[in-house]
Structures are given as C-alpha cells and as structure tokens.
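Engineer: Here are the chains, one letter per residue:
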Amino acid sequence: MRYLPLTVDDRRAMLTRIGASDMDALYQDVPASAIVGLSAFDLPDTQGELEVERALTKLAAKNTAAGAAPFFCGAGAYKHHVPSAVDHLIQRSEFLTSYTPYQPEIAQGTLQYLFEFQTQVALLTGMEVANASLYDGSTATAEAVLMAQRLTKRGKAILSGGLHPHYAETVETVANLSGIVTRAPVTPGSAEDIIALIDDETACVVVQSPDVFGLIRNLRPIAEAAHARGALLIAVVTEIVSLGLLESPGAQGADIVAAEGQSIGNGLNFGGPYVGLFATREKFLRQMPGRLTGETVDAEGRRGYVLTLSTREQHIRREKATSNICTNSGLCCLAFTIHLSLLGEEGLTRLARINHAKASALADRLAALPGVEIVTSAFFNEFTIKLPKAAAPVVDALAARGVIAGVPASRLLPRDANAANLLIVAATETNTDEDFDALVGALKDAI
Amino acid sequence: MSMNNQGRPTSVEPSRRAPIAPGTHTPEELSTISGDRGLDHEEALIFELGHGAVGVDLPDVQISADRLGGMRRKDAIGLPGLSEPEVIRHYVRLSRMNYAIDSGLYPLGSCTMKHNPRLNEKMARLPGFGDLHPLAPQSVTQGALELISQLMNWLTTLTGMPAVAMSPKAGAHGELCGLLAIRAAIAARGETRPRVLVPESAHGTNPATAAFAGFTVDEVPALPNGRVDAAALKAKLGPDVAAIMLTNPNTCGLFEGEIVEIAKAVHEAGAYFYCDGANFNAIAGRVRPGDLGIDAMHINLHKTFSTPHGGGGPGAGPVVLSERLAAYAPVPLLVATADGLRLIEDQAAVPEGARPFGRMCAFHGQMGMFSRALTYMLSHGRDGVRQASEDAVLSANYILASLKDVMTAPFGDGPCMHEALFDDSFLDNSGVTTLDFAKAMIDEGYHPMTMYFPLVVHGAMLIEPTESESKESLDRFIHVLHTLATEAKAGQTARFVGAPHLAPRRRLDETAAARKPVLRWKPAAMKEAAE
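In the order they appear, the protein sequences are chains A and B.
Going by the numbering used here, the residue at position 429 of the first sequence is 429; the numbering climbs one at a time, nothing skipped.
Going by the numbering used here, the residue at position 410 of the second sequence is 410; the numbering climbs one at a time, nothing skipped.
Treat each hint with caution, since some may be false.
Each pair of labels, with its calculated beta carbon distance range [as the list claims (entries may be wrong)]:
no., chain 1, residue 1, chain 2, residue 2, range
1, B, Arg342, A, Thr16, 32 to 42 angstroms
2, A, Glu49, B, Asp339, 28 to 38 angstroms
3, B, Asp383, A, Lys389, 22 to 32 angstroms
4, A, Ile180, B, Arg37, 56 to 66 angstroms
5, A, His88, B, Ser149, 45 to 55 angstroms
6, B, Asn153, A, Ser33, 20 to 30 angstroms
7, A, Pro370, B, Ala338, 35 to 45 angstroms
8, A, Gln91, B, Ser473, 15 to 25 angstroms
9, A, Ile180, B, Leu334, 30 to 40 angstroms
10, A, Ser84, B, Arg37, 56 to 66 angstroms
No more than 27 angstroms apart at the CA atoms, straight line, and that leaves these computed lysine-lysine pairs for DSS-like [to be verified]:
no., chain 1, residue 1, chain 2, residue 2
11, B, Lys122, A, Lys58
12, A, Lys320, B, Lys236
13, B, Lys234, A, Lys320
14, A, Lys283, B, Lys516
15, B, Lys74, B, Lys522
Chain A residues, not near chain B, derived (Cβ > 12 angstroms throughout) [stated by the list, open to error]:
no., residue
16, Leu151
17, Ala196
18, Asp200
19, Arg229
20, Glu260
21, Gly330
22, Asn355
23, Arg365
24, Val372
25, Asp437
Keep in mind that the hints were calculated from the coordinates and are not lab data.
The C-beta atom is built at its ideal place from N, Cα and C for all residues, glycine as well.
Based on the sequences and whatever the hints tell you, model everything.
Structural biologist: Encoded structure:
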C-alpha cells in the first residue's frame, strides 16, 4: 500500500523489539469478542491511484459544475472567479499539512496570515476585532446569538424573515436551548417591521443584508431601536463581496457581524468547507467564541504572533468555555486572505461594481419578459423574481436544457405558499452576455 | 566519508554543531545586513507591504445609477494593494516559517497527523465536486449525492453502526450533534435528564460540548491504570443521567477493556453512550464501535481519513448513530428513491419514523472533505485501513518500548494503542520541564508531542507517530528523544533552557499577548489616536 512505509521485515523487527509475538498481542486489551476479521467489512480492497481516480471522475461527471453551464444560483453560496495563485499557495505543504499553531515558534506562517485575516475581516465589516474564523456563516450566526444571550443575560433572539432559512434553523437548533428564538414574518422584497418586535427581554435582533431574497437592508434604525432596549444587533452577510460596494454593518451600528466568506477565495464545494467570519466590538472580546491570534514579541524582542485569550476556549476552560469549537477554517481563511490581498482595495471595489452591474443588466432583461416581476428593488448581485407559475418545476425544466436558472425560494421555504412562484437569481463577474441570452430565452419558453 | 558517483565526498550526516547555549553569542555575531539569514526570511505584514498596486485585472465598470437603496459605501475600506508576484512571495515566505507533516514527523498525540495524499486534493478539485453549488437542482448533483452515499456506507460499515449524520463540520460539532440527538431521544421518552458523565481524562471539547448542549457535567475519575473508574462511573448512573462521553481508545492511549460492561450499565440506567472517535485510527478495520454498545460517535475525517489539517481546519465530523438514536439525526437526510438519491432538507417533510432534532449548519456538510476521505478509503481499501491501524499501533508501541527505559511511561507495563504516553517524573530534579523538553525537540527538527494532556498524568507527553513513518524515521526520532532524556537527567540543561534556539522565533511572550491584546494591524494614525 503506497501510503504505508513499513515493510514486512520492519514490522517483524519492531515486534521483536517490543517483545510481542504478533499484532494480536498489542490488541490484548480489546475484548476478544470485539475483534473482527476483514470479512466483517463488505468493502473493496486496496486500489491504485489510477483506479481510484477513474471512480471519482465518473461520479464527478454526473454533476453539472457551475462553470459548465449558464449558471445563476446564489442564496448563500456564490460562483466567483478565484485567481490561480490562490489554489497554488494554499496547497503548499507548509500550509496544507500543518496543525493548529499551538507551537508558535514553528508556526509563524499560519499565525501571521491569521493576524492579517483578522485585520481584513475587521476592516471589511467595519468592526474593531475579528476572530480567526468559525466553520461557516450559519454556525457563526448561531454563535453570535449565543454570545448575545451571554452578554445581555437575556434569552430572546428575533430573527429577520430575510435571514437565510438554513441559518435560521441552525440558530434555532442551539439557541432554543439557552433561550427563545422567534422568527419575524417572511416578506420577500420588502423589510418586515422588525423594530416592533423588540422588547425588554430581547437579547438580539438578527438581520441579514443583502437578505436571502437579495434585498439590501438599512440596519441603522434597527441598531438604534435595539440599543434603546438594551438589545444587540447581529448583522449577517452571506455575500461578502457586497461589502466592496455597500456600507459596512459596523458603520451602521451592528454589535456583532457573522458572515460567510466563501465568495472570496473559496469554491462552491457543494456547500462546504466554507469560512465563517465573526467580528465584534472590542468591549465584547471576552465573550467572543473561536480562536484569536495576537501580536507579541519573542525572547529576543522580535515581533511574532501567538494564539491568545485562550482562557475563553474549551481546551483550557472545558465546560465553562464560550464555545465548544476546536477548529477554525484554517485553509479556507488562507484562501480568503490571499484572494483579498490580490484584490486589494481597488480590485475588490471593481469586482463589486462588476457584480452589481451584471445583476442590474440581468434584472432589466428579465423584467422585460411578460409575466415576470422583479420583487427586489434594492439589491447587490442577487435579486428575486416572481414567475407566473411555480418556480421549482421551471428550474428543473431549464436544468434539463442545460441552464441552471437560480434557486427556487420554495427549496428554502417549502411550506410558504407565497414563496412558490419566487426564483432567487444571482449574477456575478463569471456570467457572460451569452449566459443571459440562454437564461432569458429558456425562461421565456418555460413560462 | 562516502563518495558520490562523481567521486566527490558527500555527507548525509547532520552537522554536529556545538550546542548553542543562551548568552554564548551576541546578536551582532549572528546578524546580517538584511536581517534575513540564508533561506530564512523575515516578512512584514501585508498591510506594511501594500503600495497601491493591484493583483487582479478587472475592468473598471462605472455605475451611473446604482440600485443599492442608498446604502453605497462612502469611505474606503483600507485594504492594501499589491501585485501578484508580491502576494505570492509574501505567502511563500510565510509558509517557510511553518512546520508541516510533509517536512517532518509530527508526533502530536490525539491529533493523528498522518500523511495527506495528494490524490485526495486532486479529486476534491474536480469541477463536478469543487465547482458544484449546494442548491443546484438535485437532478444535476446525483454524482455528489452518490459520493456522500458511498462515504456513508464506508463509515457505517467500518463502525458497525446503522446510521450516520453527515453535516457536522468538525469533531466538536459532531459531539454537539450526538448530544442533541440524545437530548431529543430523551425528550421523546418524556424524560428530563440533565447530567452528562465525562471522565477527567477527556478532551476539553467533551465537557464544553455537554455544557453547550445544555447539560451539566459530572466528572468521573481515572484509575491508577489509566482507565476510567468503571465502578465510580456505574455509581454515578441514575435517572438524571443522559449520557456518558468516553473516548476509546482513551486519551492515555489505552483501550478501555471494560467498555462492553460500561455500555450495558449505561443502557440499563436508560442513558446513552457517546464515544469520542478521535482515536479511531487505532482500531479502524479491526474493531467495530457498534459491537461495543456505542450509541453515537463522531469520526474526524481530518484525523483517521487523512483530510489535511490545514493549519487548524477545516475539519469534518460525521456522527454514526445506533438504532436508538438514528431517527433523531438532523436534516438534511439522504434517501434513495425511484428517481435517484434525494436530499430531504425540510424538517417537516421527512420519511416516516424520522424525527430530526434540527439542523447543524447551512447546506449539507463538508463535501470537500467527503471527497478527500472517500478517495483515501478507496485507495486503502478495507485491508489498507486495517493495516494502517496496525502500523499506527505498532509504531507507538515501538516508541514506547524504545524509550521507557529513559523516560517514564506511567502505563508502560502493557501495550498502548496508537499513542505512547509519558509523564515528567524522569525529569524530576533535572531543572527541565515538559515544556523545555518539548521545545528542545524543535531545535532537533521535530514538532513537539502533545504536552500537559491528558490532565490525569503529571507533565504529560503524548506521542502519536501514526502509520506514516518509516522504521528509519522512527529510529532517528527515538535516538533524538533518548539522547535528550539522557542529557536532561545528567543535568546537561543547556539545550533545554529557553529552547528553541534555532527556530524562526524563540519563545513568545504569551502573557503579554493576553494582557494587552493586539488582535489586528492598525494604521499609524489610528495607533497614535488610541495612545
């Protein structure tokens, strides 16, 4: 087996040194009844690289990659162009095959890029501090709600109807244990009156902008209303490229920002791994979940970086930790930070403008189709349209014609009758005029 | 001295420089004009390097009338601008300050730092997986669902468990998933059981997860032989106990031989048995956790199944579930239908009998890790998986047997599983601590072992070589540790005091970092304003 260096002779010599007659002797503590032979496993035997590659390639070929069709899906995961340098760099052995940087003397590479990543996330979100990432945007949102419950010592979390339904369910799954989660009504294309729901028991209000239907929200009045009642505003961003063009949540008064960073540097990967961005105010630092990298000096006075404030974390505090998390999205953060370094201020703002221009152009073309109505008036690179018939069968019909038209809202809100005819459409820098022609033409035929 | 085939002398021996003791050289003696030293480059922060260049070529599209609802950004973000070659050099230089499995033995106990095959990387990047949208119509994602289904079959077969929840994004996330399933199962019985039993030797995530899931944590002591005190555990069982969380093989590197009896007692008390699967690499292909009476166990695909650790993540932590818990698995569920595989994403539209406790995350889990793990499994096959476990156990025992005469192995009378545990009593009165000893390994070109964990052993050093090392590599490692231990015991402490001496950084001031946290770069103006 190509991954195993020990030879039969090595194994024999090692058993001799150990003083064991055979491998069974090393498993002597396992109850004999629990030892099984290979026949207990109805699975294939060792295969060479060629055979494995053939099998996986066959599976992959059954899928339609985003780059292989006119493609308009968003709703929390976005198709963007990732520069070639990103993937080459993250595959360097020293990044790919290293562990969590608990030994800072030989992990300065990881620690420094995490420090740079934290700075980039703080700048983008308009917040004072950011952590070294969480699993993804949805779990970051759940952690934000738990953090708000701890900070305010209140239990009630109010979720905007525009919050991605998967995010809302993720929050409910954990935050209902420590409080009560309530969802505001779903009002596609307009902002619900979430301020009216805030009361003195409210720990936090969770508002996504652009929301799941693509609508850009003004967070300022919500932040003011929340703060007036002693509650926190958690801002959620699922399309981080939007912050190249939109006012940051921090500037609008958010207390915690939970975001999905996949759009920068990371592929679609059928939903994961992604990178959860988490930023907050300095005064809330001690209640923050997740790893943090900080600057310090070494014994010779040289600048260096370490994981810090770990008294918040599970390996020190055990059951009193701020979270049970023992991971960050290391390599996905690295992809994010490399891509953002390549973009820089100029590149990111250009990228954001292109995305908005593409989506605007597509919205105009779709609006011209008879029976199609644009539901989202203010948007970044994603908007929702209303079709004269149910959207899901239309999407399936178009997929059969090789056009991936978008995400039917019913996939996310299967029990909401108002969602049935809604289609969430995203356009990015990867879409061409030919893609638009294909979508418009196919949609015209289907409705 | 040996000669190469051109007749020139060669040496494959490492240089035998005199040990560098603190204070024996002045910084000037080692200083260079640039501050760099040969292949070791100092590297500024990306923010200090930016100068308004751009590393991508994108058209400058102007928007005359935006549709941003009046929310357009007015201020600059503050990101630095660099060209592509500058960006590449920055990250390549940073990478060279990292230790990695590909450059040396990584003996981190509990972490299973095994070889990460590059075929895994290639397969995960096939456009049909890497460029596949999670909400694309299911008719065009059948290959991805098939891959998940195959991986589920591997995981359930290897563990002997009937079901698996695939969405947890890491080991601790899997623990949470398992405990939430247990919580739901108990609630379905109309009971309330607030307490979870956790051995004191457990990973920190176990008690943290139990608390996260709303339980109170009750610690179970360890016996002098490194096993959990089964009698104490049984005595703590009662109608208020929801579950026990046990790692097996445990964090001392030992198999819990009484596990079957423990499981029986737990079930008789109406509780559930959660097993931390971090150490599955010792037993995969030889022991099925399902045969031991386990109800839930997460599997760290980034440990046992070779997906890369990536400097701290991403991981993946699918959870196998027993018949008693399978119904409570979170959405999404994967089911086979006449029209092919279907993801069931709606909690209210699940198949009969399913009672999902909720959702762990958006979408369907760590697909990028699934494709890597399945590639690894298909490469190894069942025979290779078993051989890998055996080699991991053999290598750990080889280290234990080779070092227990100079280091102290608290449970060294019998064999260990895939990790060898030492304590610090061999360093008594030497002036050298576990930390010093481990840091001295850095100067020798090794990553330190896991230190001060498990907590049940004083000054613990937990060594997990994995199956990825050759005998020559193990012999060299043993030689280095043997020599270090011998020197420490002989009072030759120069190598240890203040070690490492030869790494990109000396010991870093962690206290200062925590006392006055600096967690981001700030422009000079902002720094001055703050001061």
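Engineer: So which of those numbered hints doesn't the model satisfy?
Structural biologist: 1, 3, 5, 10, 20, 21, 22
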